[in-house]
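Enquirer: Sequence:
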Amino acid sequence: MKLSACTAAFGMADLKKIIDTSAALGYDAVEITAALHLPVDSTKERRAEVLGWIKDAGIVCSALHYIFDGTIRLLSTDPEMMKKSADYLKKVVDVACDMECPTIILGSGGKTRSFEPDWDRKAGVKCMAEVIREAALYAQPKGVTFAIEAINRYETNFMNTLEEAVNFTKLVDLPNVRTMADTYHLNIEEKDPAETIRRYGHTLANLHLADSNRQAPGDGHFDFASVAQALREVGFQGYCSFEVFGLYPWKLWYDTFEESVEHMGNGIKVAREIFG
5 MKLSACTAAF
15 GMADLKKIID
25 TSAALGYDAV
35 EITAALHLPV
45 DSTKERRAEV
55 LGWIKDAGIV
65 CSALHYIFDG
75 TIRLLSTDPE
85 MMKKSADYLK
95 KVVDVACDME
105 CPTIILGSGG
115 KTRSFEPDWD
125 RKAGVKCMAE
135 VIREAALYAQ
145 PKGVTFAIEA
155 INRYETNFMN
165 TLEEAVNFTK
175 LVDLPNVRTM
185 ADTYHLNIEE
195 KDPAETIRRY
205 GHTLANLHLA
215 DSNRQAPGDG
225 HFDFASVAQA
235 LREVGFQGYC
245 SFEVFGLYPW
255 KLWYDTFEES
265 VEHMGNGIKV
275 AREIFG
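Going letter by letter, the sequence shown gives residues 5 to 280 in my numbering.
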């Protein structure tokens, strides 16, 4: 199994230091926390510099996550916002291309992807699918895939389960729009996470690994072994990324870089033992 480290797991430390540390800990890749470490307004020169650091470390960029900067409402029926969202996603695709990165994760809770109480849900879903389809058509010839993440009910009121994410991708109906699961969210929303993976794992482009408390594998009580077995059964070949990030509403990452290294180091040992 290929393991990747989300850069925000190490906080806002120097990005080169994060990349080098991830490689030294044994990760196969880094997943760039884009809004924090490589936003859409980053220059070509900056992207080339970061890609150089990744290559020098002997790893790759597996995905971009946390891509939104607060200016976008992905779920909207307003034509102006829909255009703004599609254009923004195309810029993220350009970042992915410059980073030789195959996957963009469409997660995000809060107002980015939630319905207001009086909104027409059917119309909202249709409009969001149109936005993602337009961006995915732009991404398709560039070899970039969008991964629609199922996120728990406490962070968004849309697409909480993997089944709901699968159904949404069917609306978009493009081969480069797939799904994304996160063990932290699976633990909250799914009655049987492993069975959910067996049923829908063939749609996954990526998987986030975080324990029941959103910390590194081994720090909580999530049953990673059963999910690992389910992934083997469905022939999953993508990256499992450590999104040890957003630990609490008031604490996005560990207090010190050294603490991050300790947890991410212990976590990859646990994951290697379980996932191989």
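Calculated directly from the structure, the hints in this document are not laboratory data.
Treat the hints with care, as some may be off.
The calculated label-pair distances, taken between Cβ atoms and stated as ranges, are [what the hints assert, rightly or not]:
| id | residue 1 | residue 2 | range |
| --- | --- | --- | --- |
| 1 | P121 | E53 | 44 to 52 Å |
| 2 | G30 | L251 | 21 to 29 Å |
| 3 | A28 | R50 | 41 to 49 Å |
Backbone N, C-alpha and C fix where the C-beta goes; we use that ideal spot for every residue, glycine too.
Enquirer: Now tell me, hint by hint, if it's right for this structure.
Expert: Do the hints match the structure? See the list:
1. P121 / E53: 44 to 52 Å: holds, 45 Å
2. G30 / L251: 21 to 29 Å: holds, 22 Å
3. A28 / R50: 41 to 49 Å: Roughly 23 Å apart at Cβ, these two residues miss the hinted range, so it is violated.
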